[in-house]
Amino acid sequence: MKIFLTDWILPITSSKIKNGAVVIDDYDRILDFGSRQDILKKYSDKNIQVAESKNSIIMPGLVNAHTHLELSMMKGVIPRGLNFSDWVFEAITKRFQFNEATISADCEKQIKALEDCGTVGVGDIANHSATSLPLLEKSSLYAAVFNEITGFSSAVAQNRFREFVSKIPETPDNKIRQALAPHAPYSVSPELFKLTAEYNGDSKISTVHLAESNDEIEFLLSGSGSMKEMIQKIGRWDDNWKAPKTTPVSYLKKLGILNSKLLIVHAVHVTDDDIELLRSHSVHICSCPRSNVQINVGGTAPIEKYLDAGLNVCLGTDSLASNDDLNLWNEMTFFKSIHPKIQDSIILQMATINGARALGFDQHIGSIENGKDNALVCIESGKPINDPESFLLSGYDKFTSISKVI
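In this text, residue positions in the sequence shown follow my numbering: the first is -4, and each later residue adds one.
Keep in mind that the hints were calculated from the coordinates and are not lab data.
Take the hints with a grain of salt, since some may be wrong.
Claimed, not checked - Result set (PhoX-like, lysine-lysine): computed pairs, CA atoms no more than 25 Å apart in a straight line:
1) 256 x 367
2) 104 x 393
3) 331 x 70
All chains, please: the whole structure from these sequences, using the hints.
This is the structure:
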């Protein structure tokens, strides 16, 4: 058992505590927390080791709810300035230039980078889970590994479904969860969407890229445009596919995909009716703002509307194919610059407990609560911290250090 003293405790789900203390038990779980005066008095009769960190904040570690670790070797590979469909074409074709050894090495490097910046949970999109899964199992991270399924032609739906389901390995580690996830409306047939929904049911978490770009909107409304051209270019077009002539959200509603276990990534281009559908199905939303800018999705997600609707909104970095790093502190700083009306405390919730909820790990991580796992981090500054939330979002370079509470 050990007591950690700090200038500030940010529990996230309850009020911040100045001059606080956290008690970690012998099973590496949170036993207690509160003001240091109360905690030290409460445990004064016990022989407990006490550690103190000056000019510091203790808070739950971050949860990066959406990335693609397998694409870590793609940093700087795709030129900027492309329209969305051209970017997707480049991502599909250029990833095959790399061998498995390079992919695995870069994946391992970025898992370490996640840990080093205070991340404790991740939602990883895996096209081949054998790459990231063993590396994640060796790490300290809680991980939802979404085995991403694709197949635009209805003729291959059954075969693709059986193929992908057979690849999902058993994961006895309760820190790792496996799921089946359809990629996007422009890469998954209606039949394959339905098979995936039946497999997942209402109990398994899943995720989908949705309403990300204007190209996607045009494609679903008219069945034409640069997205169709891209699908034809890679040889995946299906002449039997018919445009649903509706929004991406409404399309998934008709296919029976929307439910409270679904994490929708991006959701940039939505209508008010779409938001009501998302609200009524208690869908989770993950915003990846830096990626959205880099690949020209043509807008900014209506986060304020999502929050007003009571939706659980979390944050992700997306992959290094469309971002400079997987550092969620940098993501929060950028997010704040484009959503200045959203309070710092809400942004921090998005990067912690909200991501944990979306990935199904909120009973273990995401907040400081008695009984939860010790997935806490200590951030230090070179000088006294007057406003912890403001300091945390002032820039990652302002931190003197960031470390696990051990």
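Evaluation of the provided hints:
1. 256 x 367: 22 Å, holds
2. 104 x 393: 23 Å, holds
3. 331 x 70: Measuring from Cα to Cα gives roughly 24 Å; hence the hint holds.
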